[in-house]
Amino acid sequence: TQLLEQSPQFLSIQEGENLTVYCNSSSVFSSLQWYRQEPGEGPVLLVTVVTGGEVKKLKRLTFQFGDARKDSSLHITAAQPGDTGLYLCSGGGGSNYKLTFGKGTLLTVNP
Amino acid sequence: DAGVIQSPRHEVTEMGQEVTLRCKPISGHNSLFWYRQTMMRGLELLIYFNNNVPIDDSGMPEDRFSAKMPNASFSTLKIQPSEPRDSAVYFCASSRGQGGYGYTFGSGTRLTVV
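Protein chains in written order, with the numbering used here: chain A, 1 to 111; chain B, 1001 to 1114.
Note that these hints are calculated values from the structure, not bench results.
Keep in mind it's a predicted model, so treat the numbers as computed, not measured.
Just so it is clear, CB atoms sit at the ideal spot from N, CA and C, and this is done for glycine as well.
Hints are not guaranteed to be accurate.
Here's a subset of chain A near chain B, in silico, CB distances under 10 angstroms, partners left out [what the hints assert, rightly or not]: (1) 45; (2) 90; (3) 92.
The whole structure should be built from the sequences, with the hints applied where relevant.
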């Protein structure tokens, strides 16, 4: 069974701070996704990474896929209150439909 | 594009009653997934349809749960009879292909069984 561990589970920071959250596994994934989920809504796909060592940027968010494709990190620069939400990672096996989801990091950015 | 549309957004029902959740996937997406989310267990895959055919229902908790996809634009998840432990947020998601590179989720149905 593939598992994805996310850390930290909870993170509360002040506006303007930088932060990094992690998604780790002992299994290799063909692809890895990051989602943000706001209260009362469904997860929204932010990015998919597929190549070991790949780095993708989305405005102030930087996503990195580990070289061995077993882990990933999400770095947010100068966090804003609008970044508040549950950040979920999921891993896929390429053509395998069954994504494995982590339990998420709940981020609160205080004004 | 209106995204994945789920109804109702909230459902409160008494134990033993039948509950039907509805989902309209994104047009052109041929894979549909039903997930359940709880604080304790996170997101759990209940059932996966591809081209309207159920491919994997191994996540359906028990026979009280059933799902159908009569056409490419509509799916239902039914619980009969409902129990308090079924209380959770139920999400429908859709994707092109088999979804191995990520899904588009609906806004969910928050189900409370009292």
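Verification of the supplied hints:
Hint status for residue 45 (chain A): holds, given a least beta-carbon distance of 5 angstroms to chain B, under 10 angstroms. With its C-beta approaching chain B no nearer than about 7 angstroms, residue 90 (chain A) sits inside the 10 angstroms limit, and its interface hint holds. This hint holds: residue 92 (chain A) has a C-beta 4 angstroms from the nearest C-beta of chain B, less than the 10 angstroms allowed.
Hint check: no violations occur; every hint is consistent with the structure.
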